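Peer 1: The listed protein sequences derive, respectively, from chains A and B.
Heads up, the first sequence is in the working numbering, so the first residue is 2 and it goes up one at a time.
Heads up, the second sequence is in the working numbering, so the first residue is 951 and it goes up one at a time.
None of these hints come from the bench; they were simulated from the model.
Everything numeric in this text was worked out from a predicted model, so none of it was measured.
Among the clues, some could well be false.
[As the list claims (entries may be wrong)] If the Cβ cut is set under 10 angstroms, some of the chain A residues that face chain B in the computed set are: (1) K23; (2) D56; (3) A62; (4) C94; (5) P100; (6) N106; (7) T107; (8) A150; (9) D151.
A virtual CB, placed ideally from N, CA and C, is assigned to each residue, including glycine.
As a plain string of letters, each chain reads:
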Amino acid sequence: MRWAVIQFPGSNCDQDVYHVLKNVLAQEVDYVWHKDTSLSGADAVVVPGGFSYGDYLRCGAIARFSPVMSAVKETAAQGKTVLGICNGFQILCESGLLPGVLVRNTSLHFRCETIPVRVEHPASRFTSEYLTGQVLRLPIAHGEGHYVADDETLESLFLNKQVLFTYSDFQGRTTPESNPNGSQRHIAGIMNRAGNVLGLMPHPERASEKILGSDDGLGLFASILASQAQSTAKAA
Amino acid sequence: MIRAQVIVRPRASIFDPQGDAVCRAIQHLGVSTVKQAHVGKCIELELDGDDVTAARTQLETICKDLLSNPVIEDYVLTLAAAEALAQVKPAAAKKGKKKA
Chain A
2 MRWAVIQFPG SNCDQDVYHV LKNVLAQEVD YVWHKDTSLS GADAVVVPGG
52 FSYGDYLRCG AIARFSPVMS AVKETAAQGK TVLGICNGFQ ILCESGLLPG
102 VLVRNTSLHF RCETIPVRVE HPASRFTSEY LTGQVLRLPI AHGEGHYVAD
152 DETLESLFLN KQVLFTYSDF QGRTTPESNP NGSQRHIAGI MNRAGNVLGL
202 MPHPERASEK ILGSDDGLGL FASILASQAQ STAKAA
Chain B
951 MIRAQVIVRP RASIFDPQGD AVCRAIQHLG VSTVKQAHVG KCIELELDGD
1001 DVTAARTQLE TICKDLLSNP VIEDYVLTLA AAEALAQVKP AAAKKGKKKA
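With the rest of the complex left out, here is chain A (with noise of 0.2 angstroms):
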């Protein structure tokens, strides 16, 4: 499977996605800067993490305008697979890939530690290595990881198992303490409704290797690996 993983200026989630892509998983992988318009035939596109354009106006905002965000919007409307992780799913929003908008943590302050994040269902080629309700191990650092959108839009996301991932304790209760960032229902990770673009503010590409303390992130990427594998044997 061919990869590609954007570069933004300012973003520094990149080289670990890359990483993972390559010396984990052995796959194909290349970085595409910002201003290339094309991704070369990638099967996924990874928007990384980091503060591209300084977080300046708000997070992602500049960004969506880059000339690579063309490219991905057609890989997106290809049927391919999206990933946007923490300032990526901010990208994805404000590009209206996703729908809503990630606002400033409630608390005000920037959230940097390993939490529980509970898998809403397997049902998608982002989560199918999980089991309904598992609870993982996984990173975040943002401050900007409020997930807002309004209440009928939330409806609708809950209503097609768009959300994938909600922040929970590691019991799997969604408690109010269990929220880092006051997301509205708790919301960690949502895909589009087509089911081929997800955004999620938790980082998995820091948490693919033991050593690193988890190897929860691990499944998503293997779960996209396995929905790639499933369309090519089926298009054989």
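Take the given structure of chain A and dock chain B to it, following the hints.
Peer 2: Leaving out everything else, chain B in the frame of chain A:
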């Protein structure tokens, strides 16, 4: 030259933690009469040309597509300086007044 000012502020329905923190700080300062604070942004722009109507159309696009996110923010666009400029130029003044 046309000058514009855009005030972007959080929508009333969206909790504004910055405004809340500022409000609490004001109370710590010993002023108890301030009950609410909202923190937004002020963006000042300078545009070439003197067609106020055309500028306003462009500025509305800029406000909607970049400077504010309609999910969480409202904006107020003013061309105060431009309208002041327009008073000097009678032809532009009419257009300015219509839109004001």
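Peer 1: Determine for every hint whether it applies to the structure shown.
Peer 2: Do the hints match the structure? See the list:
Given hint, K23(A) at the interface with chain B, is violated; its Cβ is 35 angstroms from that chain's nearest Cβ, farther than 10 angstroms. Against a cut-off of 10 angstroms between C-beta atoms, the interface hint on D56(A) is violated, since the closest Cβ of chain B lies about 13 angstroms away. Hint on A62(A) holds. Least Cβ distance to chain B is approximately 7 angstroms, under the 10 angstroms limit. Because the smallest distance between the Cβ of C94(A) and any Cβ of chain B comes to about 8 angstroms, under 10 angstroms, the interface hint for this residue holds.
Residue-level restraint check for P100(A) holds (minimum Cβ-Cβ distance to chain B is 8 angstroms; threshold 10 angstroms). At a threshold of 10 angstroms, the smallest CB-CB gap from N106(A) to chain B is about 7 angstroms, leaving the interface hint in force. Below 10 angstroms, beta-carbon pairs count as interface contacts, and T107(A) has one with chain B at about 5 angstroms; its hint therefore holds. The restraint placing A150(A) at the interface with chain B holds, with a minimum CB-CB distance near 7 angstroms, inside the 10 angstroms limit.
Hint on D151(A) holds. Least Cβ distance to chain B is approximately 7 angstroms, under the 10 angstroms limit.
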